[in-house]
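Enquirer: Sequence:
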Amino acid sequence: MDLSVLVATAHRPGLLARTLDSVAEARLPSGLRRVVVVENGDSNSAAAVCARFDGRLPIECHHVAQRGKGAATQYGLESIGSGLVVFFDDDVRIAPEVLTAYVAAAEEHGPDCFYGGPVSIDYEEAPPDWLLEFLPYSARGWTWHETDWHWFLGFNWAAFAEPALRLGGARADLGPGAAARYVDSPTGMETEMQRRMVAAGMQRRFVPEARVWHWVPRTRCSIEWALQRAHRNGISEGLGAAAGLVRWFGVPRWALRGVVDASLRRAGSALRPGDPIDRFRPRWDLARLTGYVRGAWRSRGD
1283 MDLSVLVATA HRPGLLARTL DSVAEARLPS GLRRVVVVEN GDSNSAAAVC ARFDGRLPIE
1343 CHHVAQRGKG AATQYGLESI GSGLVVFFDD DVRIAPEVLT AYVAAAEEHG PDCFYGGPVS
1403 IDYEEAPPDW LLEFLPYSAR GWTWHETDWH WFLGFNWAAF AEPALRLGGA RADLGPGAAA
1463 RYVDSPTGME TEMQRRMVAA GMQRRFVPEA RVWHWVPRTR CSIEWALQRA HRNGISEGLG
1523 AAAGLVRWFG VPRWALRGVV DASLRRAGSA LRPGDPIDRF RPRWDLARLT GYVRGAWRSR
1583 GD
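Note that the sequence shown covers residues 1283 to 1584 in the numbering used here.
If you are wondering where the hints come from, they were derived from the structure by calculation, not from laboratory data. Built from N, CA and C at the ideal position, the CB exists for glycine as well. Errors might be hidden in some of the hints.
[Said to hold, decoys possible] Label-pair ranges, simulated between beta-carbon atoms:
{"id": "1", "residue 1": "E1342", "residue 2": "D1557", "range": "18 to 24 Å"}
{"id": "2", "residue 1": "A1462", "residue 2": "E1379", "range": "25 to 31 Å"}
{"id": "3", "residue 1": "D1430", "residue 2": "E1342", "range": "36 to 42 Å"}
{"id": "4", "residue 1": "D1430", "residue 2": "D1557", "range": "23 to 29 Å"}
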């Protein structure tokens, strides 16, 4: 089977080298044709990293000036064009059997499916236990059977290039780097791709052997990060606000009321001691709701 690995990256040469090293040390299927690294934005540090793997991997490095993971992913997909594509980020390390597991699943189920595997975490410093429920699965780990979230995480999934491109590929207006400020960049670029695939009749296939470990620095499992991620998730949800909702100033009325309610609850929780979850939840709710309002405002003309 014709197999390619696609890694979108930006400004992180040390982590990229760690990812590529784990790929080079893995069991490489005979059909592995290309490891395509696409760096986006104003940095071109990936080229020197990729050069170190020449001879160990069938590696090639590209650069796109447009900022954003979506732009880099779409460029890589168009460059690859056909065959099975495994999507990794520049901050994962992979189990030795990941690529062979994806190939075996794809040989069994074919191009009318897309595939994903479980995620474990490499913490620089683990967050407090009470904060975990407010963090995304990318910062606490994920597997198919232990949650009600059945969309594959964007740094560990696979699909055939032909249907992915036929269905529109990756959107440049979603994902890290899509906005000038990171906190304003909507999440969910890969999830949106997968939703389109399901809407077109494709099926999800979980591949339990395809495990990766996601590097999470202390700055990305903190209280501040949880609030920032809630805001970005809200923007993504607001961009998809259903038509026909009763709106005030272009924003669904329920969301504006929710912002007011969350603001009052946040003010009240700040005045009293208590369980850290009870104190934090109004802040998290407010961050997500203000993100939703921002996203709905952006989409009001759609």
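Enquirer: Hint by hint, note whether the structure agrees.
Expert: We went through each hint and held it up to the structure:
1. E1342 to D1557: 18 to 24 Å: violated (52 Å)
2. A1462 to E1379: 25 to 31 Å: Check failed, 40 Å falls outside 25 to 31 Å.
3. D1430 to E1342: 36 to 42 Å: Once the Cβ atoms are compared, 39 Å apart, the range 36 to 42 Å for E1342 and D1430 holds.
4. D1430 to D1557: 23 to 29 Å: For D1557 against D1430, whose Cβ atoms are near 24 Å apart, the range 23 to 29 Å holds.
Violated hints, listed in ascending order, are 1, 2; each of the other numbered hints is respected by the structure.
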